[in-house]
Amino acid sequence: MPATVLFSEDLYLEGLHMFSLEPGLGVTLQQVSGAGTQGDILGLVFQAIFIALFLFSILYGQKFQIWVMLRNVEIGLHKIKRMRDEARQTIIETIKVLSNKPGLEAEVDRLLEYFWIEPTSLDPFGIVGKIEHILDTREERLRWEIKSLVPGVDDARLRNLEGLLEAGSSLDRIYRVIRHYYLLGKKTMSLFVIYQADAILPMVLQEAKALSAAVKAFRDGQPIGDGAGSLVAARFMYGAEKRVIAEDTVMAEVEVDNRRLIVVKALGPGGNVGKPGEAVEKILGSRGDVTAVIMVDAALKLEGEKVGEVAEGVGAAIGGIGVEKFKIEEVAKRFRVPLYAVAIKESLYDAISPMRREIYAGVEKAVERVRRLIREKTKIGDTILLAGIGNTLGIGQ
Amino acid sequence: MPTRRSLAMLVATAIITALMVLSIGFLVQAYSAYLGGEREAALYYLMVGLMGLALSGYTLAQTVLRRPKTPKSKEYKVHTVMHCLRCGFRDLRPFRRGDYVLGPGDNCPRCLTPMVILAIYREGE
Ligand SMILES: [Zn+2]
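If you read the sequences in order, they're chains S and U.
Everything in the first sequence is counted per our numbering, starting at 11 for the first residue and increasing by one.
Everything in the second sequence is counted per our numbering, starting at 92 for the first residue and increasing by one.
These are computed hints drawn from the structure, not numbers from a lab.
Careful: at least some of the hints might be erroneous.
With the C-beta cut set under 7 Å, the calculated list includes, among others, these residues of chain S facing chain U [as the list claims (entries may be wrong)]:
no., residue
1, Ala244
2, Tyr248
3, Phe336
Cross-link-like lysine-lysine pairs, in silico, DSSO-like; alpha carbons within 27 Å at most [said to hold, decoys possible]:
no., chain 1, residue 1, chain 2, residue 2
4, S, Lys311, S, Lys292
5, S, Lys106, S, Lys197
6, S, Lys140, S, Lys226
7, S, Lys292, S, Lys387
8, S, Lys375, S, Lys252
9, S, Lys89, S, Lys252
10, S, Lys73, S, Lys89
11, S, Lys106, U, Lys168
12, S, Lys89, S, Lys111
13, S, Lys375, U, Lys168
14, S, Lys91, S, Lys197
15, S, Lys292, S, Lys343
16, S, Lys335, S, Lys140
17, S, Lys196, U, Lys168
18, U, Lys168, S, Lys252
19, S, Lys73, S, Lys196
20, U, Lys168, S, Lys111
21, S, Lys252, S, Lys292
22, S, Lys106, S, Lys73
23, S, Lys73, U, Lys168
24, S, Lys226, U, Lys168
All values reported here derive from a predicted model rather than from experimental measurement.
Just so it is clear, CB atoms sit at the ideal spot from N, CA and C, and this is done for glycine as well.
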């Protein structure tokens with residue numbers, strides 16, 4: 011007999027000896043192994059099942075976690091789908107009131123899927139112009155489609171329908187992407203795919219909710235939070251003579267504190283953002299007496315910041331893809347005109363849902379801020395350009 | 092696939108319930124062992140029972156009872172604020188389609204001139 015076996019046998023015997031020294035523990039072990047003197051079969055069954063479940067949770071614990079996350083994503087996906095379907099229904103009903111064209115639903119579905127392809131940035135020189143060209147084509151095309159669906163639609167309503175379709179198509183895209191990750195995760199059972207979808211879900215749901223609120227706002231023509239900048243400009247413009255300076259963009263000249271103020275905003279009350287870049291370019295280019303440009307816009311707040319807070323700074327306060335921003339920065343640099351920015355803070359949800367009262371209060375504050383800025387940064391007799399940026403849905407001038 | 096999902100759900104619920112029943116069984120055994128004077132066995136059963144109960148309770152809370160936290164659909168009311176430029180009267184009423192900021196509002200109840208819409212905003216979340 012090899013020594014090792016002997017050795018282990020010794021250990022085994024010693025072990026038994028040890029157990030016999032502990033009478034209480036010995037009883038427990040006897041029960042665990044089912045050799046209890048009381049014939050405790052029930053206890054044996056209990057323990058066997060218990061151990062099996064314990065092993066199951068160790069071996070399949072991760073699978074179980076994946077399943078839980080997948081289920082979570084599925085619930086979120088259903089919610090997004092419901093929001094998308096509601097938005098689609100709203101769009102169809104809104105157009106149905108104005109038009110009795112047959113095959114309306116198929117047309118709306120086609121427009122919801124309308125996409126645009128960003129130009130390549132491999133050679134970035136001149137990309138802004140390319141983006142603008144593509145977006146202009148897209149807008150033109152979309153308007154043409156809406157006009158053919160609803161012949162004789164007025165301009166304001168056309169813009170609102172455009173906004174409605176855009177919000178609906180964003181919701182549709184969100185739904186498709188989340189569905190993609192859900193199905194991909196289900197197919198591959200890959201922890202990383204499912205984990206990512208589960209991780210971004212709360213933010214995506216928030217955005218989807220904001221978009222469904224936007225759909226309602228565009229249907230009813232209610233001002234949205236993004237219109238805060240436009241509203242500030244509208245306040246300065248009210249009562250003055252306006253003229254169109256660029257597509258969907260109006261300007262007016264008013265007098266504030268003995269200075270000449272040129273005010274620019276998108277043409278309301280349809281859901282327009284206008285072309286403020288082009289307007290600023292034209293105004294600065296055509297008259298050399300502008301000493302400052304003040305831009306007012308809604309800005310995305312950070313969590314923890316108050317809605318409607320007003321902040322001041324320098325630079326081109328304008329969001330979007332960057333075409334208008336680029337133009338304004340270019341022309342300001344060319345004419346060496348300082349750019350002042352006033353921002354009204356709000357969340358993404360606030361920006362595209364009906365304007366909150368707090369944002370309206372922020373608009374009042376921003377009007378005062380602009381007046382102070384004019385008094386402090388310019389001299390009597392100066393000419394100042396004020397651009398109110400944002401979607402002017404439900405805001406006239 | 093709603094049927095498959097509910098089946099998986101059923102199996103999970105069954106397993107968790109079985110575990111829970113088992114754990115309670117252990118606790119009962121612990122009690123009877125304690126009465127029978129087998130204190131070590133009682134301790135062992137108590138430990139296993141509590142562990143099983145904790146495990147099943149946690150799993151139940153994590154899966155079956157769990158619903159993603161979503162705030163209720165945000166309810167809000169949109170108001171239109173009108174201002175009389177002649178006498179300074181202000182009025183607030185629910186938004187009506189066709190209202191727009193700086194557009195024409197209702198007639199002023201005091202001097203009967205048309206008021207101007209000063210603001211349209213929502214209240215509530
Ligand atoms: Zn009055």
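State the violated hints by number, sorted upward, taking the hints as numbered earlier in the document. 3, 4, 5, 6, 9, 12, 17, 18, 20, 22, 23
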